[in-house]
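Colleague: These protein sequences, in sequence, are chains A and B.
For the first sequence, position 29 matches number 193 in our numbering, and the numbering has no gaps at all.
For the second sequence, position 115 matches number 279 in our numbering, and the numbering has no gaps at all.
Read the hints as simulated data drawn from the structure, not as lab findings.
All clues given are correct.
Not the full set, but computed from the structure, chain A residues with beta-carbon under 7 Å of chain B:
#, residue
1, R220
2, I222
3, D250
4, L252
5, D259
6, V263
Partial chain B-side listing against chain A, Cβ under 10 Å, derived:
#, residue
7, E214
8, G217
9, V263
Estimated spans, in silico, between C-beta atoms of each pair:
#, chain 1, residue 1, chain 2, residue 2, range
10, A, G346, B, Q290, 46 to 56 Å
11, A, M202, B, R343, 47 to 57 Å
12, A, R367, B, G274, 44 to 54 Å
13, B, E427, A, P275, 54 to 64 Å
14, B, R456, A, E427, 49 to 59 Å
We put the beta carbon where it would ideally sit given N, CA and C, even for glycine.
Number of protein chains: 2
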Amino acid sequence: MSAPRYDVLAIGNAIVDVMSPCEDELIEELGLARGGMMLVDTDRAHELYEAMGPAREISGGSAANTLAGLSALGAQCAFIGQVADDQLGEVFAHDIRAVGIDFDSPARPGPPSTARCLIFVTPDGQRTMNTYLGASQFLPAEALDEGLIASAAILYLEGYLWDPEQPRAAMRKAIAAARAAGRRVAFTLSDAFVIDRHGDDFRALIDAGEIDILFANKAELAALTGEADLEAGLAALAPKLPVLVVTRSEEGAVAISGGERAEIAAEPVEHVVDTTGAGDLFAAGFLAGLVRGEELGRCLKMGAVAAGEVISHFGARPEADLRALMKVRLG
Amino acid sequence: MSAPRYDVLAIGNAIVDVMSPCEDELIEELGLARGGMMLVDTDRAHELYEAMGPAREISGGSAANTLAGLSALGAQCAFIGQVADDQLGEVFAHDIRAVGIDFDSPARPGPPSTARCLIFVTPDGQRTMNTYLGASQFLPAEALDEGLIASAAILYLEGYLWDPEQPRAAMRKAIAAARAAGRRVAFTLSDAFVIDRHGDDFRALIDAGEIDILFANKAELAALTGEADLEAGLAALAPKLPVLVVTRSEEGAVAISGGERAEIAAEPVEHVVDTTGAGDLFAAGFLAGLVRGEELGRCLKMGAVAAGEVISHFGARPEADLRALMKVRLG
Numbered sequence: 165m166s167a168p169r170y171d172v173l174a175i176g177n178a179i180v181d182v183m184s185p186c187e188d189e190l191i192e193e194l195g196l197a198r199g200g201m202m203l204v205d206t207d208r209a210h211e212l213y214e215a216m217g218p219a220r221e222i223s224g225g226s227a228a229n230t231l232a233g234l235s236a237l238g239a240q241c242a243f244i245g246q247v248a249d250d251q252l253g254e255v256f257a258h259d260i261r262a263v264g265i266d267f268d269s270p271a272r273p274g275p276p277s278t279a280r281c282l283i284f285v286t287p288d289g290q291r292t293m294n295t296y297l298g299a300s301q302f303l304p305a306e307a308l309d310e311g312l313i314a315s316a317a318i319l320y321l322e323g324y325l326w327d328p329e330q331p332r333a334a335m336r337k338a339i340a341a342a343r344a345a346g347r348r349v350a351f352t353l354s355d356a357f358v359i360d361r362h363g364d365d366f367r368a369l370i371d372a373g374e375i376d377i378l379f380a381n382k383a384e385l386a387a388l389t390g391e392a393d394l395e396a397g398l399a400a401l402a403p404k405l406p407v408l409v410v411t412r413s414e415e416g417a418v419a420i421s422g423g424e425r426a427e428i429a430a431e432p433v434e435h436v437v438d439t440t441g442a443g444d445l446f447a448a449g450f451l452a453g454l455v456r457g458e459e460l461g462r463c464l465k466m467g468a469v470a471a472g473e474v475i476s477h478f479g480a481r482p483e484a485d486l487r488a489l490m491k492v493r494l495g
Numbered sequence: 165m166s167a168p169r170y171d172v173l174a175i176g177n178a179i180v181d182v183m184s185p186c187e188d189e190l191i192e193e194l195g196l197a198r199g200g201m202m203l204v205d206t207d208r209a210h211e212l213y214e215a216m217g218p219a220r221e222i223s224g225g226s227a228a229n230t231l232a233g234l235s236a237l238g239a240q241c242a243f244i245g246q247v248a249d250d251q252l253g254e255v256f257a258h259d260i261r262a263v264g265i266d267f268d269s270p271a272r273p274g275p276p277s278t279a280r281c282l283i284f285v286t287p288d289g290q291r292t293m294n295t296y297l298g299a300s301q302f303l304p305a306e307a308l309d310e311g312l313i314a315s316a317a318i319l320y321l322e323g324y325l326w327d328p329e330q331p332r333a334a335m336r337k338a339i340a341a342a343r344a345a346g347r348r349v350a351f352t353l354s355d356a357f358v359i360d361r362h363g364d365d366f367r368a369l370i371d372a373g374e375i376d377i378l379f380a381n382k383a384e385l386a387a388l389t390g391e392a393d394l395e396a397g398l399a400a401l402a403p404k405l406p407v408l409v410v411t412r413s414e415e416g417a418v419a420i421s422g423g424e425r426a427e428i429a430a431e432p433v434e435h436v437v438d439t440t441g442a443g444d445l446f447a448a449g450f451l452a453g454l455v456r457g458e459e460l461g462r463c464l465k466m467g468a469v470a471a472g473e474v475i476s477h478f479g480a481r482p483e484a485d486l487r488a489l490m491k492v493r494l495g
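One chain only, chain A, in its complex shape:
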């Protein structure tokens, strides 16, 4: 087994976020699940966009956001995801390459268009996401380069991508390729609703020992384990995973690995502007620590600092110099 060329290779939805602040009433009027992610078709996307105030477009996608954070922290990264051959596809490709991430998945010609996530951000900073998957759902399993997967120390996968059929098959193939090459597989559960739809798949993967590092938030842990109590959920899941990380929003985070347990408080954030990307950047900071061989508590702390940065501004990709920020916060 040769030394890996990349620290992290991620497979994820290639999405441009369309973000707009809104009042709480609009969330209700539109019948949206506050704080969650819903998949929408073309008509519903059009309807929601019509109802949305002036917006800004910022590249997103859960795993892509995580890589942007990892890259900002000095990790070598590559991304696999499907954009269409259109302007938003160019925007996504530009933004991910501009932070030094290798991205060579060819754009898909013709319709549908590049994925968009219509994000309504309420005054408390909470984001409600409506994803039109477009081209992203057509990531073909054949497009996966097994050599590329073998060249990364960690394969990182987002649960969101389990919804569409083709990327799900691609991810199963990727997991097999990574395991065959002796690499680690990291997985983020993404959303409690995704677990409602695909929890059996996720539990089977975990039980089969296919996942090395799992990221979940409190709601996702409960949905996956059926345990409403945090400690009961941790006790049920931790023994099945080499590394388990559970984020708890403003209550901090906990990680368990090989019987060792670490906990941290959330970073103080003066004003929460937009929580989009909080979990993604937490994973980025944590993984950046892990690939550098930091101890568990410090990995958590790095996750909290990265998450704290991203919720202090609009958009799910870091804007501040994360390396400098880590120095200030962690020494």
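Given the coordinates of chain A, assemble chain B onto it according to the supplied hints.
Modeller: Just chain B, lined up with the frame of chain A:
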């Protein structure tokens, strides 16, 4: 002459801004004119985009930004501009309609694409703009609806649009239509380099009494009058215009109308994030006061408050509730 349906109708470039923070060194490396606006062709736009860090897309365009401010302040507005039938065209159309502005110019099928402005924002908040005009330069004179022009109390035009031939012809036609309908014509000089190219046209329009309200900054006043001294420039130009407004960045602004002169200081801004749109929003605040019949000094103050808001964040369209802000600042 019937009562106008719109307070302001603007004709301008229909542009989506592609904005990215950058270090000062990059401006030099790329050979950009710091603080100015350069027109770029497809190849140069591609080259600059390649060199740009991760960006966000926010609707822009000078006159369109001004209308967004006017609309936020309660004015009835309509916009004429040319987008292409593509994703960025949809973004532009959505964002301008989402703030209540009527925009019915049909999208232009086929290439070129919707105009983009690649904006590099240095740490001091200064913006350096590189505009790919794309579809915007093909606004046809025939597309102008003389009935629409006659239905607005003020026709507002941006100097930037004087560069491409077709919109220049369209604007000349619009000026004639507005004057024939007894409406007022407002004009912003946009950029000192635009005056280098088209100063003779602008001076001829002013000398012929075709302009009722002129917006300029210090550099533009100097370029137009040939007077390096502010007072000499004002003395040369003011007698030719019913209303002259000159902005002076952090030194405030001055307005002269019918022999009356008013001056104000700039609004205090805690941290200048991005100066893009400062002049556009100053014009918005000033015109919002003017259409409400406010006195000259108060119009200036409204301009300063609107400009102060837009430079406190990324992007050239207002984000805060401008009406509430005016109440706080002006009582």
